[in-house]
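**Student:** Given only the sequences and the hints, what does the whole structure look like? Please build it.
Residue numbers (this note's numbering), protein chains in the order written: chain U, 1 to 187; chain C, 1 to 359.
Hints in this document: simulated from the structure, not taken from any laboratory.
Among the clues, some could well be false.
What the hints assert, rightly or not - Once the Cα atoms are required to be at most 30 Å apart in a straight line, the calculated DSSO-like pairs of lysine-lysine come out as:
(1) U:LYS83 to C:LYS292
(2) C:LYS229 to U:LYS156
(3) C:LYS207 to U:LYS124
Claimed, not checked - Label-pair ranges, simulated between beta-carbon atoms:
(4) C:GLN54 to U:GLY113: 24 to 32 Å
(5) U:PRO103 to C:ARG266: 31 to 39 Å
(6) U:ASP141 to C:LEU237: 49 to 57 Å
(7) U:PRO103 to C:GLU259: 21 to 29 Å
(8) U:ASP142 to C:TYR221: 21 to 29 Å
(9) U:SER137 to C:LYS229: 37 to 45 Å
(10) U:ASP115 to C:GLU160: 23 to 31 Å
(11) U:GLU114 to C:TYR221: 30 to 38 Å
(12) C:PHE169 to U:GLU114: 30 to 38 Å
(13) U:THR65 to C:LEU32: 48 to 56 Å
(14) C:THR182 to U:GLU153: 44 to 52 Å
(15) U:GLY113 to C:LYS229: 31 to 39 Å
To be verified - Which bits of chain U does chain C cover? Going by a derived footprint, with three or more residues having C-beta under 8 Å, they are:
(16) 154-162
(17) 168-178
Glycine included, every Cβ here is placed at the ideal spot set by N, Cα and C.
Residues per chain are reported as follows:
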Amino acid sequence: MKKKLITFMLAMSMIAVIGMTGCGKKEEENDTPAETPEQEDASSDEEEKPAASGGGYVFETDGITIGVDMDMAPIADALGEPKSIFEEPSCAAQGTAYLYSYPGFEINTYPDGEDNYVGYISLKDDTVATPEGIDLSKSKDDVIAAYGDDYEEDDKKITYKKDGMTLNFIFSGDDIASIEYISSVLN
Amino acid sequence: MKKRRRQQRKWKRRKRWIIRTVPTVFVIILVLSLLQRLLMPKYMDDVMEGGMVQEYYDEVKDHDVIFIGDCELYENISPAVLWEEYGINSYIRGSAQQLVWQSYYLLEETLTYEKPEVVVFNVLAMEFNEPQQEAYNRMTLDGMRWSKSKIGCILASMREDEHFIDYVFPLLRYHSRWSQLTEDDFRYFWEKKKVTYNGYYMRVDVKPAVNVPEGRVLADYTFGDYAYKYLDKMTKLCEKSGVELVLVKAPSLHPYWYEEWDAQIRDYAQKHGLKYYNFLDVTEEIGLDFSKDTYDAGLHLNLSGAEKLSRYFGKILTDECGLESRRGESALEERWEDKIFEYQEERARQTYELEHGEK
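**Tutor:** See below:
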């Protein structure tokens, strides 16, 4: 009797679920949360992710253009063997982020389903420069001359924003300590 | 007379309405509750970290030490070793990416159940000053029992795009999960299996730490106000409750622990008279070998590493925090006998799977 009751309840539940979610597909199309949070990790990124490098600042090296939110696989192929790759599986969630180290710069990726996308690019020394001609040997005035006045400034950083992505120049005293292109997904 | 009859008829109608409505409402509530139970993620065989918080409620709550914090505790400390080697009865109230305000509310809730002698908090969480992802929030909050602490924890943790009502009625959040239901949702409908060993998440596999990156240059190394606010609350709560708060930084190599961060914690500990142990400074003394003692290249320790760290920390808890062995308490001995049996069984199961390539 108890089992029958439970089965009845479950059947009722299923009917109710179907009733409630008859529009399940529609809901997903409408961006309402339709997945478990742990599964949503990647897909929420997808929702937030702007079109790959759509108009934001990009970094160029050896004729290869690298922008945040671009698919890392073709970039990794084009750049060749990195100095090292560090895997960073996320706690309790699916997917692994990677840190690719190349001479002078690093690329960090974030997972989105089966693929990995560029999360941030960090210029580490003055052997590499932005396409606008800024490397770590330049000054704050050089940065402003190259990128313009439309920036945000706090204590040790000036930030340019373009199409959702962020370009940071971090200073240590008067020197640039780091240049970073950061995806809005990581902000 | 007429009026009386009219009243009687009215009462009969009301009675009929009650007889029909009350059971209907009851059935609807029951069905929705069952539905909610079915649709909520079970966190059993995949993302086990989501099942950790609620396991605590099944415990006999007379622990000497409560560890509170993120994966750097629940993957790096083995309460079984603390018991076997020091007679310390401990539990890890851990969850994935547990934020400082969540640690505070979990601690507040824990202290309504029991009064440990020592609370250990892992300070990596200080790097976060705002809620991060709903997924992680859920893994901590959904497992908490309803209490003032849970309400506070939800309010402190919600991102802008989250709603309190979704935590009160998780069905609202998970209703579309019907198409993702798996066998586990039915298997663990009534009862869930244990996923930890007194809060410890066991991994026996090995992945050596190589090419561990240094931290990115930061513009500002100062921990945020919100994080400090809840660390302060934790400190005050422990002080008020007569519990010793101990701060630790687990010896995980990544995420990077900056010297500037370490200095802030040292200052904080000194200012508030707290003990602070940065195990990154003593990895050799602990005996950690990052070619063998980690399962994910230095982010977390594996069983071998966690047991080494626990042996090391157990001595500190005994010598410096004054904890005495409770070996000899028959009821506690009995409970631990079962726990150690399960712990060893899981170790054997994972080792077998690893050796036979089944993982």
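**Student:** Next, verify each hint and record whether it holds.
**Tutor:** Quick rundown of the hints versus the structure:
{"no.": "1", "hint": "U:LYS83 to C:LYS292", "in the structure": "holds (23 Å)"}
{"no.": "2", "hint": "C:LYS229 to U:LYS156", "in the structure": "holds (24 Å)"}
{"no.": "3", "hint": "C:LYS207 to U:LYS124", "in the structure": "holds (28 Å)"}
{"no.": "4", "hint": "C:GLN54 to U:GLY113: 24 to 32 Å", "in the structure": "holds (29 Å)"}
{"no.": "5", "hint": "U:PRO103 to C:ARG266: 31 to 39 Å", "in the structure": "holds (36 Å)"}
{"no.": "6", "hint": "U:ASP141 to C:LEU237: 49 to 57 Å", "in the structure": "holds (50 Å)"}
{"no.": "7", "hint": "U:PRO103 to C:GLU259: 21 to 29 Å", "in the structure": "holds (26 Å)"}
{"no.": "8", "hint": "U:ASP142 to C:TYR221: 21 to 29 Å", "in the structure": "holds (25 Å)"}
{"no.": "9", "hint": "U:SER137 to C:LYS229: 37 to 45 Å", "in the structure": "holds (41 Å)"}
{"no.": "10", "hint": "U:ASP115 to C:GLU160: 23 to 31 Å", "in the structure": "holds (27 Å)"}
{"no.": "11", "hint": "U:GLU114 to C:TYR221: 30 to 38 Å", "in the structure": "holds (36 Å)"}
{"no.": "12", "hint": "C:PHE169 to U:GLU114: 30 to 38 Å", "in the structure": "holds (34 Å)"}
{"no.": "13", "hint": "U:THR65 to C:LEU32: 48 to 56 Å", "in the structure": "holds (53 Å)"}
{"no.": "14", "hint": "C:THR182 to U:GLU153: 44 to 52 Å", "in the structure": "holds (50 Å)"}
{"no.": "15", "hint": "U:GLY113 to C:LYS229: 31 to 39 Å", "in the structure": "holds (37 Å)"}
{"no.": "16", "hint": "154-162", "in the structure": "holds (count 4)"}
{"no.": "17", "hint": "168-178", "in the structure": "holds (count 6)"}
Violated hints for the displayed structure: none, as all numbered hints are satisfied.
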